[in-house]
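Colleague: Residue numbers (our numbering), protein chains in the order written: chain A, 1 to 102; chain B, 1001 to 1102; chain C, 2001 to 2102.
Think of the hints as simulated: they come from the structure by calculation, not from any bench. Do not rely on the hints blindly, as some may be mistaken.
[As the list claims (entries may be wrong)] Taking CB as the label site, the calculated pair distances span:
id, chain 1, residue 1, chain 2, residue 2, range
1, B, D1069, A, A27, 39 to 45 angstroms
2, B, E1068, C, D2099, 29 to 35 angstroms
3, B, E1100, C, K2019, 39 to 45 angstroms
Where is the CB? At the ideal position from N, CA and C, for every residue including glycine.
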Amino acid sequence: MKLYRKKRIELVVESACAKAIIDMIDAAGAKGYTVVQDVAGKGNRGIRDAMHLTGLFRNTLIIVVAAEDIALRIVERSQTLLENYAGIVTLSDVEVVRDEHF
Amino acid sequence: MKLYRKKRIELVVESACAKAIIDMIDAAGAKGYTVVQDVAGKGNRGIRDAMHLTGLFRNTLIIVVAAEDIALRIVERSQTLLENYAGIVTLSDVEVVRDEHF
Amino acid sequence: MKLYRKKRIELVVESACAKAIIDMIDAAGAKGYTVVQDVAGKGNRGIRDAMHLTGLFRNTLIIVVAAEDIALRIVERSQTLLENYAGIVTLSDVEVVRDEHF
């Protein structure tokens, strides 16, 4: 079984800007992403709790697996989009089997 | 504190085949897994949205931490199970404290 | 774009002890964390299913990104807190853009 190296990007963003982030991910060339809605958390703008706040303050967790060049583009562009929002963006190494899907 | 190297497998699969994937994970020898139900996403079969589609089209995120041999077995077997389904499977390195739990 | 190396800690714990774990994460010096409530799973204490069990037996997934010293402190302290609970704690390498947020 051959494995291919890709990058995994994990973004935790205010749900209010999740749509803009996802549109950017699409435009950057990623073939797919996973979205976990209504996560809670404490970030650089204070506590965000899925239980007690309105949609505006909920966080969304987005996972993208992509080739390195696309991944770096997503990380870079996310910084502009998140300038006025709370957001955590991390990049890490993963391996996949189906090279052509990413 | 001693840390042990294990593999983390992240699978995002159509919820319709999540049960078959979990049964396979058990049979492959993993001692545990975590399941996040009703995630949304866009994969190699188009957009899947937790808000608008029925259970049949929702995705499920499954995380497994296991020794390398078990992890590779899970990745390999997942390919057969996912042949007719959308699915993303990634493998990465993690460290754990409790060696005996994996 | 400069990237900085940090550690990502992923904890899957019984929801009954999630509050204690989060308080510990705060006390350990982490600037943020993400919480995914009501995840299901099978761990070293048997099957935990978000569908069928009460709040006491549900699991919570917590993600922390932090500098290495803080991350190791969190992993170490989690072992004491989880002594009587089911829990999976993994540590892995990630890169971030905003060094000052972690």
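Colleague: None of the hints should be skipped; say for each whether it holds.
Modeller: How the hints compare with the structure:
1. B:D1069 x A:A27: 39 to 45 angstroms: 40 angstroms, holds
2. B:E1068 x C:D2099: 29 to 35 angstroms: 32 angstroms, holds
3. B:E1100 x C:K2019: 39 to 45 angstroms: Between E1100 of chain B and K2019 of chain C, where Cβ atoms are some 27 angstroms apart, the hint is violated.
Hint 3 from the earlier list is the only one contradicted by this structure; the remaining hints agree with it.
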